[in-house]
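These protein sequence lines are chains A and B, in that order. Residue 396 in this note's numbering sits at position 394 of the first sequence; the count goes up by one each step and never skips. Residue 29 in this note's numbering sits at position 14 of the second sequence; the count goes up by one each step and never skips.
These are computed hints drawn from the structure, not numbers from a lab. It cannot be assumed that every hint is accurate.
What the hints assert, rightly or not - Computed from the model, here is a short list of chain A residues facing chain B with C-beta under 7 Å:
#, residue
1, V421
2, A425
3, V432
4, P468
Heads up, the beta-carbon is just placed ideally off N, CA and C, and yes, glycines get one too.
One-letter residues, chain by chain:
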Amino acid sequence: MITPPEISWLAIAPDLALALGAALVLLVDVQWKPAARVLAWVTGVIVAVTTGLTVVQWAQSEPADALAFSGLITMDGFAVFARLVLVAATALGVAAGWRFVAGLGRRGAEAIALVLLATSGFSLMVASNNLVMMFLGLEVGSIALYVLAGLARERRQSEEAAIKYFLLGSFASAIFIYGVALIYAGTGQFEIVGIRDLLAGFVVSSPAVIYIGLGLVVAGLAFKVSAAPFHAWAPDVYQGAPAGLVGYMAAVAKVAGFAAIARILLTGVLDLSGAWLPVVAGISVVSMLVGSVLALVQGDVRRLLAYSGVAHAGFIMTGVVGGATDAVLFYLAIYAIQLIGAFAVVAVVAGPDAAGSSIDQYRGLGRRSPLLAGAFTVLLLGMGGLPVTSGFVAKFGVFAVAWAEGYQWLVVVAVVASVVALAFYIRVIVVMYMDESEDEGALRIGPERWVLVLAVAATILWGIFPSSLLDLAADALPI
Amino acid sequence: MLTALVLLPLAAAVVVALVPGRRREIHLPLGIALSLFPLALAGYLFWVFEPAAGFQYVVRVTWYEPWGIDWHLGVDGISLPMVVLTTLLVPIALAASTSITNRIKEFVVYILLLEAALIGAFLSLDLFLFFVFFEAMLVPMYFIIGIWGAERRIYAAVKFFIYTAFGSALMLAAIIGLALTHVSQTGSASFSLTDLAGLELTVGTERLFFAAFAIAFAIKVPLFPFHTWLPDAHVEAPTAGSVLLAAVLLKLGTYGLLRFNLALFPEASVDAIPIMAILAVFGIIYGAVVAIVQPDLKKLVAYSSVSHLGFIVLGTFALTSGGLQGAVIQNVNHGLTTGALFLLVGMIYDRRHTKQIVDFGGLQKTVPLLAGFFLFMSFASIGLPGLNGFVGEFLVLMGSFPALPSLTIIAASGVVLAAIYLLWAYERVFTGVPDTDENRALSDLSAREIALLAPLAALIVVIGVYPGLLLDKITPSTEAVIDHVVEQTDFVVPEPGRIEDVHVAGDEG
Chain A
3 MITPPEISWL AIAPDLALAL GAALVLLVDV QWKPAARVLA WVTGVIVAVT
53 TGLTVVQWAQ SEPADALAFS GLITMDGFAV FARLVLVAAT ALGVAAGWRF
103 VAGLGRRGAE AIALVLLATS GFSLMVASNN LVMMFLGLEV GSIALYVLAG
153 LARERRQSEE AAIKYFLLGS FASAIFIYGV ALIYAGTGQF EIVGIRDLLA
203 GFVVSSPAVI YIGLGLVVAG LAFKVSAAPF HAWAPDVYQG APAGLVGYMA
253 AVAKVAGFAA IARILLTGVL DLSGAWLPVV AGISVVSMLV GSVLALVQGD
303 VRRLLAYSGV AHAGFIMTGV VGGATDAVLF YLAIYAIQLI GAFAVVAVVA
353 GPDAAGSSID QYRGLGRRSP LLAGAFTVLL LGMGGLPVTS GFVAKFGVFA
403 VAWAEGYQWL VVVAVVASVV ALAFYIRVIV VMYMDESEDE GALRIGPERW
453 VLVLAVAATI LWGIFPSSLL DLAADALPI
Chain B
16 MLTALVLLPL AAAVVVALVP GRRREIHLPL GIALSLFPLA LAGYLFWVFE
66 PAAGFQYVVR VTWYEPWGID WHLGVDGISL PMVVLTTLLV PIALAASTSI
116 TNRIKEFVVY ILLLEAALIG AFLSLDLFLF FVFFEAMLVP MYFIIGIWGA
166 ERRIYAAVKF FIYTAFGSAL MLAAIIGLAL THVSQTGSAS FSLTDLAGLE
216 LTVGTERLFF AAFAIAFAIK VPLFPFHTWL PDAHVEAPTA GSVLLAAVLL
266 KLGTYGLLRF NLALFPEASV DAIPIMAILA VFGIIYGAVV AIVQPDLKKL
316 VAYSSVSHLG FIVLGTFALT SGGLQGAVIQ NVNHGLTTGA LFLLVGMIYD
366 RRHTKQIVDF GGLQKTVPLL AGFFLFMSFA SIGLPGLNGF VGEFLVLMGS
416 FPALPSLTII AASGVVLAAI YLLWAYERVF TGVPDTDENR ALSDLSAREI
466 ALLAPLAALI VVIGVYPGLL LDKITPSTEA VIDHVVEQTD FVVPEPGRIE
516 DVHVAGDEG
């Protein structure tokens, strides 16, 4: 006789709202065939409701009763903060991709529904205390993303991106679940908190199984966050997927992936840190070096952002090495916003026919569309981690904790990689301001403008007054 | 007051940015007018500054408490002259930019942003804040070189950016390390210079941190062998950019060595005296020799900077009263004379559109005023007694001799080499008979240009004749630096190195 777990509606309210919202969007679409404007309102309401529910969660989250559904789901500050970032990324991402969505005509509702579903899955994933639950969330989110990557199917690149993403992504998911199975074999536990308690209380008799399982889990998640050497898919997907939505896709995958990595490593198996710290530090170094060096030689802005994303995965890993969830969360929040903003610019520059994103198209942008170029400059410098931008505070945070943890050499590599990273961001700025453009005339900016305003404001305001977000992140502790 | 000093140029930049782009004719005058406010405030600060050790007018507001970051500004005898110099040169640099017609608004905005970052960096007493300003100034300077520079501007701008960013990245790592050491030793986070100076570091760590800071500043100075970005940046930068780069930006390097390396890592500084001094002297000679053979007038002045800044580093690491006084005063002097020389080169370039020395000849017949100013500034740069360069170099050499006699003797030959490259350049450009029609048709300095050069020339004479004006304000602070080093280490200031033993004009102390 199985007793069904007690249902805690609040713990899954945001995920539920998003999933129901996705269904609602599809139903509304089928029933009334509404104009894009109506769809936008519906989406807005769904996102607003989800945000409201998440804020309620934040107010309610107490470490004592953070676990729900017999320990499947947690409602700790860490999960809620990550959720807030995911919801914010969704709102920004939909606005950034709106031109594309509206251009899809009848299929626009599908794109919205997929975005909402993806967020719902990842939102479940960041709140999972159970490895199987985490896998469910991961799959819901990832599969929606595979489809999103292929939505611009008139372009061959988009199809290629979808296939590549799907094949490699499902391979990574398989590796992840295999790792989960091995961890279960070693500990008899799916629950992260349970694994922690077990490791704290007993000497594990066959650690090799756990180590291998852990390694596979980390590898699977490293794929999702595009950390080297599991990054091969990223440039093609970033290049092929619909421009406006790429920022969203990359951002939520990174947020959810890193939240899962941080939760498993820092909550679950912190006692085994002697085994995994060198591995994570290694992934971090390889990502930073591979990402920043390869980004230097890219001639396409999307591929450049993809490789820079690999480098960023390395930077965030230093925060994991430092064992500080708040530094990781802060970095994720900042980077997600900047990335979506940057891809909003890419979408505008690519224009309605989404024709490529070669760096040549950015020539003289500073003259053609000064505000757009200015926003892009702020975002690029922010991602480069220049002081007075939030990117600097974020980098500083993760480097500082890694240093404090005794990984000084890692920090030195990281600062050198940041300089290289600045170099390729600067390259884009050079092209925008110091080259002459072949075309004249300003570019038409649609709803992306709001994304850019918010992203630039976040970059500068949290760069100068980081306290508000840092304090919030500091409160967002995992159980 | 100090906060206002940082925010005034920033506000000015915003005001200029808000003026509509089509009102092209008012951006530059507005920028110049607004940049006079910081100058007035800095002048007032100089006036009310009491000569005493320690920081004055300290502002300290918590910025982000858990990390111990403060908005922490203060001024002492070492930073005061630099702030005044910065605020003085910005209006002059702007006023010298009338030949810029392309995107003048952005240009003014960038210069004003640069000013804010520079003043902030000189006044910061919090290492985090300092780093923020130190990095923040890269962006405006990068654009100034990259947009309004000469043909190879992008190469120069990127090279400038990468070099400096690389140096400061290592410094950032060291700053993090220092702050965390503070956490582990006292339990609370702090980036305050005074807090961090009190840390107990092991010899190894201290040397590592010293090296990280020293490399960052050595690139900025630039000290041989980190100087290769400088000639490119100078030659490609527009006149205003060159002036500010040479006169103020480079000083951040020497200022940083003096303010941060000596204060934070006294033990390692003492150990590093031979290395730093040898690099400095090598730079003096190398810069001078390379300057002699330069065919390009602007490059010549740029290499002369490498040579002159070597004196400042030498004086700093002599760790004697005279050496430090000379270093600070030479910071100001080099700013005035080299700034003026770059202005003059810019004026020549505006007339002839060439900087190649071979293209000129006999200019003193056609442009006697310009030639006169050039000769005057050259004399100041060489160190003719009665002008400012003499005071600074004399103090540096005098102060360094007891500590490093043999190196000082070699360094002194740099003065002779300076006479060679500057006077030889003067001879080739200005003396003789004008040989080409272009050279015969040049117009002499306008009233505006004289107005730009006159205040610099006046200050050069004032400092040369009455250095006490500056030295009185500087000395308590430089003495405090030496006291700090002597307290923290078993370093003994070589005799006769302290203030009682050195008697120089204007120094009654």
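Hints, verified against the model:
1. V421: 5 Å, holds
2. A425: OK, holds: A425/A within 7 Å of chain B, min 6 Å.
3. V432: 6 Å, holds
4. P468: With a minimum Cβ separation of about 6 Å from chain B (threshold 7 Å), the hint on P468/A holds.
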